[in-house]
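Going line by line, the protein sequences match chains A and B.
If you use numbering that gives the first Met the number 0, the first sequence corresponds to residues 0 to 255, in order.
If you use numbering that gives the first Met the number 0, the second sequence corresponds to residues 0 to 272, in order.
Hints are computed from structural coordinates only; laboratory data are not their basis.
This one's a predicted model, so the numbers in the text were calculated from it and none came from an experiment.
Some hints could be false.
Just some of the chain B residues that point at chain A, by a computed CB distance under 7 Å [stated by the list, open to error]:
#1 Thr195
#2 His220
#3 Arg227
Residues of chain B placed beyond 10 Å of chain A at every Cβ, according to the derived structure [said to hold, decoys possible]:
#4 Pro66
#5 Ala85
#6 Val194
#7 Asp221
#8 Val224
#9 Ala265
#10 Glu269
By construction, the Cβ of each residue, glycine as well, lies at the ideal position given by its N, Cα and C atoms.
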Amino acid sequence: MSESLLEAKGVSVAYWRRGRRRPVLQDVSFTLAEGGTLGVIGESGAGKTTLLRALAGLARISSGRVLWQGRSIGAASARARWRSGMRVGLVFQDPHASLDPRQRIWRIVTEQAYINGQRNTARLRDLAGELLARVNLAPELLDRFPHALSGGQRQRVAIARALCGDPGLLLLDEPTSALDVTVQVQILELLRSLKSSGNLSIIMISHDLHAVRAICSDALVLLNGRVVERGTTSAIFAHPQADYTRQLVAATPTLD
Amino acid sequence: MVDASVMGDVALRIEGLVLHARGSDGRWRPIVHGIDLDVGRREIVGLVGESGSGKSQTALAIARINPAGVRRAAGRIMCRGVDVSALNERQMQGIRGREVAYIFQEPMTALNPTMRLGVMIDDVLRVCRPDLGSGRAEEAKSILRSLGLDDPEWVLNAYPHQLSGGMRQRVLIALAYACNPALIVADEPTTALDVTLQAQALDLIVSLSQKHDSAMLFISHDLAVVKRVCSRVYVMCEGRIVESGPTEAVISAPKDAYTQRLVASARAKEAFA
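Given the sequences, and given the hints that come with them, work out the whole structure.
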């Protein structure tokens, strides 16, 4: 039995809008083992991003619990989570919007170390070089600004930034859907090699079933804030059970 | 010379189009290097390429709506036999929307956030369907009903932010067809949508194209999407058409090295397990 890294037990999140309480996530439960990979599949508005934000401590959980290595961290702030050893890296969908255009690449990827007190520029630059090497980017990019990089390079920078501080868990929010297909494949290959090279767990949300299958061994399907299907990714692909999942599999464009 | 009898079956013909873009140093450099492309009547033709390939600027050049830093340096663009490059700005107004309509990627930015949908739809119909007269309101409702929207009255009174992304894009798709244009240029029309909404939007495009007898230039970076709707495809790379042919043939036996890479990537993504 592998250790459970992250556990969600009946997690619900509600937002207030125009004085009315609107549930966006209802009773979501899963267990992610150390080194495990979980895909969260669903369309816009299904609650995928809210789930990721709740796990990262960026959205308030209205009921239910989140356990990190067995300890409840549901109500803790993102900062308190980091101190208690919950190391999480986040990667967002749009690498054009997620990198500060005024910062050089070495600054961007080492922000986490800087926040945690590392102010020695030489050390930060060394660290940045190591992080770029992990995502197969040349050290020449250290002094560039984001605008000088291609979309694929920018997403690699975003992944390098998420790897700063050696997180045990990467939370990926549609990491490939803003990219060209050739670049998507390169990013998926990078994530696969990171997954197999270290003790890294991954939760990835996407509406792209092929991208989820490339990275995640297990998956949840969300519809209107509820889990409608769960299982191994290959089983969901081959024998979708819920009506919605069947539609999703049928709607996914393929070359053949 | 173009033979008129041949042109009758061609909705769009691009000949030797060269586009220049002005760099930050003020100098003009070529970004599209003399491309040729045809779209027949009732045909849905794909133009595939990655970001920076020049496909979107080519699309904008058809109705001459490129941004200020891009200009046509050579070549001709014929819409149903009319050379749009020879028209003045006033004559172009008669082409835009009526002969050539566009569907863009982002349905949120393509609609005016301060206007109700009914007003926007009415504006389009007033300009391009003068034959409707006082029947415009009824036409607007029937367009919305044809999209599977049960409550057209509500949609007409709604602002864009009140509609979901999929609904907005379906409204934009329907508006493009409303004027019965000879050609619709769709630039990544489903890229911002989820997979299930994308499938609905693609089905809508195919059925409306058949119903209205219109031709379409369908621009995308995704070969799998192009395969769903396009009978023929052009592949564009770094401002050049590197390959063209029936979609099935291009995907099953790509000849150009770049197309091979594109197909290999799409297959690799599907083959990960």
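Is the nearest Cβ of chain A still more than 10 Å from the Cβ of alanine 265 of chain B? violated (5 Å)
Is the claim that valine 224 of chain B lies outside the interface with chain A correct, judged by CB distances over 10 Å? The claim breaks: valine 224 of chain B does not keep its Cβ more than 10 Å from every Cβ of chain A (closest is about 5 Å).
Arginine 227 of chain B was flagged as interface toward chain A. Is the shortest Cβ-Cβ separation under 7 Å? With a closest approach of 6 Å, the arginine 227 of chain B hint holds.
Given a cut of 7 Å on the nearest C-beta pair, is the interface hint for histidine 220 of chain B held or broken against chain A? holds (5 Å)
10 Å cut-off, C-beta based - alanine 85 of chain B kept clear of every residue in chain A: Given that every Cβ of chain A is farther than 10 Å from that of alanine 85 of chain B, nearest at about 35 Å, it holds.
For valine 194 of chain B, which was marked as not at the interface, is the minimum beta-carbon distance to chain A over 10 Å? violated (5 Å)
Run the C-beta distances from glutamate 269 of chain B to all of chain A and say if the shortest one exceeds 10 Å. With a cut-off of 10 Å, glutamate 269 of chain B comes too close to chain A, as the shortest Cβ separation is near 5 Å.
Evaluation of the interface hint that places threonine 195 of chain B against chain A, nearest CB under 7 Å: holds (5 Å)
Are all beta-carbon distances from proline 66 of chain B to chain A longer than 10 Å? holds (18 Å)
Once the closest CB in chain A is found, is it more than 10 Å from aspartate 221 of chain B? violated (6 Å)
The structure does not agree with the numbered hints 6, 7, 8, 9 and 10 stated previously, though it agrees with the rest.
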